[in-house]
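> Chain by chain, the residues run as shown.
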Amino acid sequence: MTYFTVATLAILVSMAMLLVRAFKGETVYDRILAVNSFGTKTVLLIALMCFMTGRPDFIDLALVYALMNFISTIAVLRFTRYHDMLDDDDLRARRLSAPIAPAIEEELT
Amino acid sequence: MSVWLEALSWLSMLAGSLVLLVTGLGVLTLPEYYSRLHATSITDTLGAALVLFGLAVQAGWSLATAKLVMVMLFLMITGPAASHALVKTAALHDLSLPPRRRQEDGDAGAD
Numbered sequence: 081m082t083y084f085t086v087a088t089l090a091i092l093v094s095m096a097m098l099l100v101r102a103f104k105g106e107t108v109y110d111r112i113l114a115v116n117s118f119g120t121k122t123v124l125l126i127a128l129m130c131f132m133t134g135r136p137d138f139i140d141l142a143l144v145y146a147l148m149n150f151i152s153t154i155a156v157l158r159f160t161r162y163h164d165m166l167d168d169d170d171l172r173a174r175r176l177s178a179p180i181a182p183a184i185e186e187e188l189t
Numbered sequence: 013m014s015v016w017l018e019a020l021s022w023l024s025m026l027a028g029s030l031v032l033l034v035t036g037l038g039v040l041t042l043p044e045y046y047s048r049l050h051a052t053s054i055t056d057t058l059g060a061a062l063v064l065f066g067l068a069v070q071a072g073w074s075l076a077t078a079k080l081v082m083v084m085l086f087l088m089i090t091g092p093a094a095s096h097a098l099v100k101t102a103a104l105h106d107l108s109l110p111p112r113r114r115q116e117d118g119d120a121g122a123d
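Chains A and B, in that order, are what the protein sequence lines are.
Start counting the first sequence at 81; every next residue gets the next number (my numbering).
Start counting the second sequence at 13; every next residue gets the next number (my numbering).
Any given hint could be a false lead.
Distance ranges between label pairs, derived from CB positions [claimed, not checked]:
(1) A:Met148 / B:Pro92: 14 to 20 angstroms
(2) A:Thr82 / B:Trp16: 16 to 22 angstroms
(3) B:Gly72 / A:Glu106: 42 to 48 angstroms
Example chain A residues on the side facing chain B (calculated, C-beta under 7 angstroms, incomplete) [said to hold, decoys possible]:
(4) Val115
(5) Gly119
(6) Thr122
The hints are simulated quantities; they were obtained by calculation from the structure and are not laboratory data.
Glycine included, each C-beta is placed from N, C-alpha and C at the ideal position.
My request is simple: use the sequences and hints to build the entire structure.
Here you go:
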């Protein structure tokens, strides 16, 4: 099928552009944005590859990848805000005096 | 599969890949963060929906179509949610907009 190839090539070109932005990005958020969009395109690429190789059962992989992509984006955004993955506000307040990731903080400001 | 369904699938996937190319181009070329986010958040959802719809038409009524519809629904829920989280986090960290550029010659030095 030729148009599977066309769609795959378009997605690959778009992924290359997103990778350039992810490496070049001026802020952390540009990188997170590029990686999030890259993950969405990976989901589409997996679905296309399933149909190109004639094994549509593997769309489960695309579904799992979509779930993981969303959760990892939210987790990284939460990390940029709180500098940890804690669910406990008291523990966070006690740790707040010692910054955990000064490098990230420096890049954020 | 009839010719019309084939054409529908073809058109949908072609439109989807065009929209996805616009995503990459927008992220690469737009000048600052919020406009880049505007470029990705909209076109990502639309392009994914179009490509997955084309694949679902290709698959016919089968289990693969059910899975594709699940992927599409999930992407349509999580894409805007992730974009909202991205813009809200950036705004909370005071990532501000650049000063507005004026095109008129008289206002070149202003602001």
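> Broken hints, numbered, in rising order?
4, 5, 6
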